[in-house]
Amino acid sequence: MKKILFVPLTLLALFAFVVVSCEETKKDDVCQAFNAITQTYPGCEVPSVCCPVDEGNCYYVAPDGTRYTCNASQATTEDPDGCLTAQNQYIAANCETSKMDASGRERLVLELTAFTRQMMLKARNYSVCH
Numbered sequence: 002m003k004k005i006l007f008v009p010l011t012l013l014a015l016f017a018f019v020v021v022s023c024e025e026t027k028k029d030d031v032c033q034a035f036n037a038i039t040q041t042y043p044g045c046e047v048p049s050v051c052c053p054v055d056e057g058n059c060y061y062v063a064p065d066g067t068r069y070t071c072n073a074s075q076a077t078t079e080d081p082d083g084c085l086t087a088q089n090q091y092i093a094a095n096c097e098t099s100k101m102d103a104s105g106r107e108r109l110v111l112e113l114t115a116f117t118r119q120m121m122l123k124a125r126n127y128s129v130c131h
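Our numbering puts the first residue of the sequence shown at 2, with every later residue one more than the last.
Among the clues, some could well be false.
No farther apart than 16 Å at their CA atoms in a straight line, the calculated lysine to aspartate or glutamate pairs in the EDC-like style are these [to be verified]:
id	residue 1	residue 2
1	Lys123	Glu46
2	Lys123	Asp30
3	Lys100	Glu46
4	Lys100	Asp55
5	Lys100	Asp30
Label pairs and their in silico Cβ distance ranges [said to hold, decoys possible]:
id	residue 1	residue 2	range
6	Thr78	Asp102	32 to 42 Å
7	Asp55	Lys100	34 to 44 Å
8	Gly105	Asp29	28 to 38 Å
9	Asp102	Asn126	28 to 38 Å
To be clear, the hints were calculated from the coordinates, so they are not data collected in a lab.
A virtual CB, placed ideally from N, CA and C, is assigned to each residue, including glycine.
Please model the complete structure; the sequences and the hints are all you need to start from.
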């Protein structure tokens, strides 16, 4: 008789724990500093790349707090995440572009795109609670 009561109570406690954990996770964005920028591109400020766990638009945060938001509704085959405009705005405002040639800027955009995709994957992993 004790085993019959113990199993449902254990399952209920586990379910309650998952629900409470999910509620906390939904509120947060997954953020991480893109530190590679200072090593390869010394004239650039380090952005933080943030992606909401609800799969909303990611954004770049400058050290002064300015946000540059991606727009997934403007995605194209060349820009599948809709982040190219935000990346270019960030670079123009926070990097010494006069010291950067076209190939350096292109490499920076590619590295930032790859890092953003990693952050999107992290956010999706956190959103398992949905």
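Quick rundown of the hints versus the structure:
1. Lys123 - Glu46: violated (23 Å)
2. Lys123 - Asp30: holds (10 Å)
3. Lys100 - Glu46: holds (14 Å)
4. Lys100 - Asp55: Given pair Lys100, Asp55 is violated - Cα atoms ~38 Å apart, limit 16 Å.
5. Lys100 - Asp30: Distance ~33 Å between Lys100 and Asp30 Cα, so the pair is violated.
6. Thr78 - Asp102: 32 to 42 Å: violated (26 Å)
7. Asp55 - Lys100: 34 to 44 Å: holds (38 Å)
8. Gly105 - Asp29: 28 to 38 Å: holds (34 Å)
9. Asp102 - Asn126: 28 to 38 Å: holds (37 Å)
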